[in-house]
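S.K.: Sequences and hints are given; from them, build the entire structure.
Here the protein sequences line up with chains A and B, keeping their order. The first sequence begins at 23 in my numbering and counts up by one. The second sequence begins at 601 in my numbering and counts up by one.
Just so you know, the hints here were simulated from the structure itself, not pulled from any lab data. You can trust all of the hints, since none of them are fake.
Taking CB as the label site, the calculated pair distances span:
1) B:A655 <-> A:I518: 23 to 33 Å
2) B:Q722 <-> A:T261: 31 to 41 Å
3) A:T510 <-> B:G827: 26 to 36 Å
4) A:T261 <-> B:D752: 26 to 36 Å
Think of the CB as a built atom: it goes at the ideal place given N, C-alpha and C, for glycine as much as any other residue.
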Amino acid sequence: MATPASVHAHAPQGFIRKYIFSLDHKVIGIQYFFLALTAVFVGMFLSLLMRIHLIWPAAVLPLVGEIKPETYLSLLTMHGTIMVFFVLTTAPQGGFGNYFLPIQIGAPDMAFPVLNMLSFWTTFVGFVVIIAAFFVTGGAPLHGWTGYTPLSALPSAGPGEQLGADLWIASIAIFCIASLMGALNFITTTLDLRAKGMTMMRMPLTVWSWFITAILGLLAFGVLLSAGILLLMDRNLGTSFYVPLVVVNGQIMGHKGGSPLLWQHLFWFFGHPEVYIAILPGMGVASQVLSTFSRKPIFGYRAMVYAMLSIGFFGFMVWGHHMFMSGMSPYSAFAFSILTMCIGVPSAIKTFNWLGTMYKGRIRFHTPMLYAIGFVSLFVSGGLSGPFLAQPVLDIQLHDTYFVVGHFHLIMGVAAIFGIFAATYYWFPKMFGRMMNEPMGKLHFFLTLAGTYAIFMPMHYLGMAGQTRRYSQFTEVAYQQKLLPLQTFMTYAAIITIAAQFIFVINLFWSMFKGPKASDNPWESTTLEWTTATPPPHDNFGGVTPVVHHGPYEYGVPGAPRDYVMQTDPANSTTH
Amino acid sequence: MGLALLVLIWLITLASTYFFVAKTWWLPVGASSAAGWIDHQFALTFVIMGIVFVAAQLSLGYIVWKYRDRPSRAPVEYSHGNTTLEVVWTILTAVLFIGLNLMGSSVWASQRFDAAEAGAVQVEVTGMQFAWYFRYPGPDGKYGATSPKLMDPSAGGEAAVGLNPSDPAAKDDVVTGTMFLPVNRDVDVSLRAVDVIHSFFVPSLRFKQDTVPGLNIHMHFKPTAIGEYEIACAELCGLGHYKMHGMVHVVSQDDFDKWIAAREAEKQ
Chain A
23 MATPASVHAH APQGFIRKYI FSLDHKVIGI QYFFLALTAV FVGMFLSLLM RIHLIWPAAV
83 LPLVGEIKPE TYLSLLTMHG TIMVFFVLTT APQGGFGNYF LPIQIGAPDM AFPVLNMLSF
143 WTTFVGFVVI IAAFFVTGGA PLHGWTGYTP LSALPSAGPG EQLGADLWIA SIAIFCIASL
203 MGALNFITTT LDLRAKGMTM MRMPLTVWSW FITAILGLLA FGVLLSAGIL LLMDRNLGTS
263 FYVPLVVVNG QIMGHKGGSP LLWQHLFWFF GHPEVYIAIL PGMGVASQVL STFSRKPIFG
323 YRAMVYAMLS IGFFGFMVWG HHMFMSGMSP YSAFAFSILT MCIGVPSAIK TFNWLGTMYK
383 GRIRFHTPML YAIGFVSLFV SGGLSGPFLA QPVLDIQLHD TYFVVGHFHL IMGVAAIFGI
443 FAATYYWFPK MFGRMMNEPM GKLHFFLTLA GTYAIFMPMH YLGMAGQTRR YSQFTEVAYQ
503 QKLLPLQTFM TYAAIITIAA QFIFVINLFW SMFKGPKASD NPWESTTLEW TTATPPPHDN
563 FGGVTPVVHH GPYEYGVPGA PRDYVMQTDP ANSTTH
Chain B
601 MGLALLVLIW LITLASTYFF VAKTWWLPVG ASSAAGWIDH QFALTFVIMG IVFVAAQLSL
661 GYIVWKYRDR PSRAPVEYSH GNTTLEVVWT ILTAVLFIGL NLMGSSVWAS QRFDAAEAGA
721 VQVEVTGMQF AWYFRYPGPD GKYGATSPKL MDPSAGGEAA VGLNPSDPAA KDDVVTGTMF
781 LPVNRDVDVS LRAVDVIHSF FVPSLRFKQD TVPGLNIHMH FKPTAIGEYE IACAELCGLG
841 HYKMHGMVHV VSQDDFDKWI AAREAEKQ
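M.R.: Below you can see the structure in the form of structure tokens.
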């Protein structure tokens, strides 16, 4: 086993090297976590403003004033971008992946600690750049998180499309570079730094999910990076990759011969795998938590691994289902549609296996378990609207309506967030050495589950009725005006759900300093992070190299002294 | 705790399902020849996914309650899964999903690959920030030339789409801000955009197609009921996206002929 050079040294003592420019994957993981926490509150605040504007368009709000139609579009653009990149990609992979992947495979650190530090700080710069877009002349861009060209390529196409749009692209490009560095690190670490006995098929499903996510990231972010650079060139250097001859407000633009669809292909070639980048770690965490708190081995470990691998594989071949209405060849719609249905199969397998894991178990309802159960429920609800949207003929009615918004929020938004919550409540004791408050956690869970369903389920009804997304007001179209009462209901639900998130924040920070001390293995889990001290020492295992003798989910083992067998327990014949 | 969870999951499931089944909010009444097919495929998908949704959520709620940790519970079943079961539900899901998909394909194919019927009404749809324009080629059946240099959106009508008045074919072209169509006749639409991408969406006619700068997209559809139908732009196109609204008036053939004759007369 190769050992990264840095870990032979003692833990750095200076504040800056210990907490700011740290090479320790655990510190970097926590840095990513807090970056994502900051980002999620920014993103959530933006969505609150959007919900308020939809119902009370004339409202004058403190800090922001009156929201104009173009401001609304800036809000949705920034909400989407911040949430997808700086929350759903950053927290599960950068945060928990960084902290726990090395420990779960028995490694002292990531393979490239300096690269790890660099990828965090690059992500941080990306975040600063995107936030800056709010404060430049013209404000943040209004072209949506998908940034469809020519709208995003023409500074004169609308307010926010000047410097704000350049910063938006620059931020995404910076984020791509950071993610590429992170992906390389994750892949190398998983392949090279596993402890003795930690075969691939003994890796926790969380490790598999981070590993597969890293592969997706490596293949997807490179494409988005290139696409973004071309877009910057179209905007600033007079090239015409994405823009044909167009006339904006009577003025002929200086472009010729570009293809607006090229951007969509490149963007979704990244964009669809990105959906899985957001949700795969959630699947891993849900599997880990469901098995632990059901006190049963995961149902169908191999099937789970193969399902994740095939989701990753098919994930690169379905991007065209975002483009059925785009003017793309209608023949290719058949292929993209069938392949999209294929990707539903491994997703269904995973759901069956999660139910199979809980079936005949002894379920302990700690907060992480509640979130994992909520994850399964949301994954089912968000997943089952997929086969509607995968059919081009139904897309005629549903594409770019609230049905789509409801679909992706449930599955890649809320389900992924539930994965992050499950991970937070589950690993908090290991990360901070203290327990979180259970009653507060449970209250937070019930309010959040009911609240998110109340926000996002009605979106499906709206979409069926033809409510188009990205409308700052519904006053101009008669049939849409009739749907306003439902929108009002959703806004109230959103206000309550957002308020409930402060329970989480209070619990998080209060427990960090005042929570009861956590033991080394409070959940009676089996994986390697629970064999070491709480919180883990600088080199993770205090100079000891763990040796693995068992699979990751040995619960309810007959004849064992406890109802579980740790991965490092001495070998015996009863387990895998 | 198990019971609370069961109650919440079941409540969410039943409430969500109620509003679907009661059709409190549903697709608008269809008014085109494709609507029957599309609605049928939608209903079929809806029934299948609905059953799976209810079954999965109810079992989830039941399982978490039934197998909650209690001192009286028997020890858990130590099992790593069941390969036969995995194979069965993989095949079942695959057949269900892919079968469903194939059933919808013929509708898509007939709309996209067959040409418009002979004698179809020709209309060119142009999207621009933030209005729709409709052009009829007139008695000669030919669209006159347009030029980007002549486009003047502030003037509206012919000037907005950049119609070149010196082209003989353009003399009888009619450009309007509202779409008139005769009922029960195929419509051969050419869709284009001059600035950014827009999307021509008429929910009642079950028609949606992006209009893309640089592309001229041909589609056809047939309205089957007289009435007025709203157009809503369905692709984010800028600050006025929400008010890029238009109307389709589906009228009798007689009324259509009178309407177009009056527009021609106005022009002369």
